[in-house]
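Work the whole structure out from these sequences, hints included.
Sequence lines, in order, name chains A and B. Mind the numbering: the first sequence is residues 0 to 554 in numbering that gives the first Met the number 0, read in order. Mind the numbering: the second sequence is residues 0 to 326 in numbering that gives the first Met the number 0, read in order.
Treat the hints with care, since some could be wrong.
[Unchecked claim] Covered stretches of chain B, as calculated for chain A (at least 3 residues, CB under 8 Å):
id : region
1  : 27 to 34
2  : 45 to 54
3  : 76 to 90
4  : 175 to 189
5  : 269 to 278
6  : 281 to 293
[Stated by the list, open to error] DEER-style ranges, computed between Cβ atoms:
id : chain 1 : residue 1 : chain 2 : residue 2 : range
7  : A       : K185      : B       : R1        : 52 to 58 Å
8  : B       : S173      : A       : N186      : 33 to 39 Å
9  : B       : S70       : A       : K185      : 20 to 26 Å
10 : B       : W165      : A       : S386      : 33 to 39 Å
11 : A       : A182      : B       : L7        : 50 to 56 Å
12 : B       : W150      : A       : P222      : 52 to 58 Å
13 : B       : S70       : A       : Q400      : 48 to 54 Å
[Unchecked claim] Facing chain B, a subset of chain A residues (Cβ under 10 Å, in silico):
id : residue
14 : F57
15 : N186
16 : N205
17 : A208
18 : P239
19 : A241
20 : Q385
FYI, nobody ran anything at the bench for these hints, they're computed from the structure. Yeah, the Cβ is synthetic: ideal placement off N, Cα and C, and Gly gets one too.
As a plain string of letters, each chain reads:
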Amino acid sequence: MSKRNWMMAILASAGLLGATTTSSVASATANNAGSAAVGGTLTISNAEYLWTCGFNPFNPSDTGLSMGVIYEPLMFVDTLNNAKVTPWLATSATWSDGNKVLTFAVRNGVKWTDGQSLTAADVAFTFNMLKKYPALDLNTIWSVLSSVVQSGNNVVMSFKTAAVPYFYYIADQVGIVPEHVWASVKNPVAFKDANPVGTGPYAVSNCTAQNVAYTRNSHYWQPGLPKVQTIEYPAFTSNPPANTLLSTGGAQWGGQFIPNLKGEYLSKSPNNHFWFPPVVNVSIFINQTVPLLNNLAVRKAMAFAIDRARVALIGEYGYEAAANQAGIVTPTFQNWLDTSELGSAGYSYNPKTAISILEKAGFKRGSGGVFASPQGKRLSFTIINQSAYTDWVAALQVVSQELSQVGINLTVENLSGTDYGAKLYDGNFQLAYGYEAGGPSPYYEFRQWLYSPASAPIGRPAATNWERYSDKATDELIGSYATSTNSVTQHQILNKLENVLLQDVPLIPVTEQADWDEYSTAQFTGWPSASDPYAQPYAWVTPDWEVVLLRLRLK
Amino acid sequence: MRYVLRRLVFFVVTLFAAMTTNFFLPRLMPGNPALAMMARFHGRLNGQALVAMEVAFGVNTKQGLISQYFSYLGNSFTGHFGTSLTFFPTAVSQVVFTALPWTIGLVGVTTVIAFILGTLIGMIGAWRRGGAFDSVMPPVFIILSAFPYFWIGMVSILVFGITLGWLPIGSDYSYGLRETLSWSFAGNVLEHAVLPGFTIVITSIGGWILTMRNNMVTTLSEDYIRLARAKGLSPSRIILDYAGRNAILPNLTGFGMSLGFVVSGAILVEYVFSYPGVGYTLLQAVLGEDYPLMQTLFLFITIAVLVVVLIVDAVTVVLDPRTRSVS
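In structure tokens:
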């Protein structure tokens, strides 16, 4: 106990203790069968926009093409496997000084595609560039960082406060760029980066607005990898051609929603498979400042009145599971779920309970069977939704029918994406259907949902916590999670947060948003699956798609 | 001369009005480009990214709307169209010039084909009024022109692209190909243009037939046609040199206008066939609230139409002496 700076291994995001601090000398990816042949062309089919042929990893339009296969993270965090950390460009990460200092040891022997060596200076440069240009700092890591300095082969990051969960954003979400290229870029925000120099397994060999072709980087630092020679990534501007390419075997990896999956894809070949692991909740966000909705009885009644299984079946064709009121995405984060609390709260579909809750709270049925408050205010609400998401439109029709059965009138307002966003962020809504970005543990969603300092007053855009939930004790709980890397403590905190969702109903999780992933085993094997969830399988998730591409083997 | 001057003044006033509308109309839409980007990457981006993108796009700059308007006018005249936000950080001019050849190739060529075919069918129909040709061709194409573009497009994708598998179902050329100057590449581009081109031709041909046939019918009852027949001229000479030449005048004006509109692309056809032309780009610009790109595209379309109208006016002055006598 003499040393105050006791060192501690991290598995920060999930807080699982006992991870390795020693540098992993071997290849970062498992299953590195060095003997398998190199070759083949993998085509990814994804309905998206036309490519700009820019590869700036800090530009949201280009991240999906560059982060991972060209620019690599310090460490890879597997969202689908208990936030398991795999060392990548850094060989170790160590928290010290009460989880306020994070030290990365940068891997030796990694070369940029122009032949120069990766150094700790490159890493420090990358992070300090995000400080200088806030437009690049998509996860606002500099809201908690105070300095990033190089120290020999290490990079030392100091934080303003303990910030354990930020490990995920820092280690997994920031692509490291070469100082010798980017230092001379005048404005990295408007930098297109048409000829990217990275450390990743692939280099761009050809790019047009409709297709990006990547070729294997034969000097990649993980020996013998990657095994797939060429990647073709066509840009489809709408779903049907992308679906056709997939079902005819022209593409081997797809990441889009196919309504009739069985008939349109699975039945076409025995090699066609899918895996849709859920990652976040799609919820009804309840604006806490709206009269009547600030009444707990109304919120609870709604939570009882919605048959989540039916919504999932009709709205999402059963490909997305029903969510639970505890807000834990299952089976992905099953071990975080406080099943006894969820069980005793008893939020299963029960319209009778919903009605009796309202009656007990003094509401009376009025005209059209709609409940009204003792002051005569009708329980009639509007929910905003995105019209482009046809599955959500269908889901909300079901919700609306179900609520009307318990005497709550719900009008669905299907809006354009921008209109929806403007209303959502500014808090100009009563109810909103949507989801927040998740992370490698349920904590991330809970922080986005409930942390009041990250919200904003009505009329001003809130980055997160759109329902404007505000509770001191909850804020403290979320704050305390950030100070601990202890798994037991983290689980205790999260159980309490689940309880907030169950008792206070600030939002109603309805279905679980999944990663869309269709893949063919005709030419390649080694795809992620429920039994081997080594990375998120959706081709748009970075840097996970790199991890998938490194695992693939020619059949 | 006064006529041409008057047209020039009209040109300048219209251009100015159009540019002003171009500027203010998109800004009446709810939201801003950063919000549009958030909507596009919904779920992939943390809520905090909104702040970063507003900084990148310069959304919350303190510059007032009026001063923005004047710098926009200045930039438009000097050809500085700025940076596209949907295709950030690509320059707007580059986005437009990448899309323009595809649209001119597809919509331009099909407009000419539809005009020539429609005019011919109209002429022949009027000449053999009431005959078999006249009772089949014009009605069929006029009915077809009542169908929406995108519906014909989707049906032809289903039939020729998927069920029969004869033709590719979309995009400009096969995605794996490299842009080279070779016959095989050109063939591939042509093959991809067949279905969208076919869709545009068969839905737009009806209009040309209708006007041409009606003009022709009127012209054919003129005395000089009777004289030509009496002289024993061959029917083909009467159709082309006597009746057709006069009947085509009003159609030429229409043709000029539609050539101007070629620049705007065929939004629905380009969308259905994933064809990367101006129409598709315009759609993306609107969805992304990409003010610089929208303004530039609308400006191009306006200028193209106005210039063509100006040319058509001038040509009419040359072709038709009656327009000259107005002044």
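Quick rundown of the hints versus the structure:
Only residues whose C-beta sits within less than 8 Å of a C-beta in chain A count toward coverage, and the region 27 to 34 of chain B has 5 of them, enough to reach three; the restraint holds. Judged by the Cβ-Cβ criterion of 8 Å, the region 45 to 54 of chain B is covered by chain A as claimed, because 9 of its residues qualify and three suffice. Counting residues of the region 76 to 90 of chain B whose CB falls under 8 Å from any CB of chain A gives 6; the rule of at least 3 is met. Under the rule that three or more residues need a Cβ within less than 8 Å of chain A, the assignment of the region 175 to 189 of chain B holds, with 3 such residues.
Residues of the region 269 to 278 of chain B with a Cβ under 8 Å from some Cβ of chain A number 4, which satisfies the need for three, so the listed coverage holds. Closer than 8 Å: that is the beta-carbon criterion, and the region 281 to 293 of chain B has 3 residues meeting it against chain A, so the requirement of 3 holds. Distance hint check for K185(A) and R1(B): the Cβ-Cβ separation is about 53 Å, which falls inside the suggested range of 52 to 58 Å. Between S173(B) and N186(A) the beta carbons are some 36 Å apart, a value that agrees with the proposed interval 33 to 39 Å.
For S70(B) and K185(A), the hinted distance range of 20 to 26 Å is satisfied, since their beta carbons lie about 22 Å from each other. Hint check: W165(B) to S386(A), Cβ distance near 35 Å, so the stated range 33 to 39 Å holds. Judged by the Cβ atoms, the range 50 to 56 Å given for A182(A) and L7(B) holds: they are separated by roughly 53 Å. As the Cβ distance of W150(B) to P222(A) is approximately 56 Å, the hint placing it in 52 to 58 Å holds.
For S70(B) and Q400(A), the hinted distance range of 48 to 54 Å is satisfied, since their beta carbons lie about 52 Å from each other. The criterion of a C-beta within 10 Å of any C-beta in chain B is met by F57(A), whose closest approach is roughly 9 Å, and the hint holds. Given the 10 Å rule on beta carbons, the hint for N186(A) holds: about 9 Å separates it from the nearest Cβ of chain B. Taking 10 Å as the C-beta contact cut-off toward chain B, the hint placing N205(A) at the interface holds, the least distance being around 6 Å.
With a cut of 10 Å, the hint placing A208(A) at the interface with chain B holds, because the nearest CB-to-CB distance is about 5 Å. A distance limit of 10 Å between C-beta atoms decides the matter here; for P239(A) the minimum to chain B is near 7 Å, and the interface restraint holds. The interface hint given for A241(A) is met, as the beta carbon of that residue sits about 9 Å from the closest beta carbon of chain B, less than 10 Å. A distance limit of 10 Å between C-beta atoms decides the matter here; for Q385(A) the minimum to chain B is near 7 Å, and the interface restraint holds.
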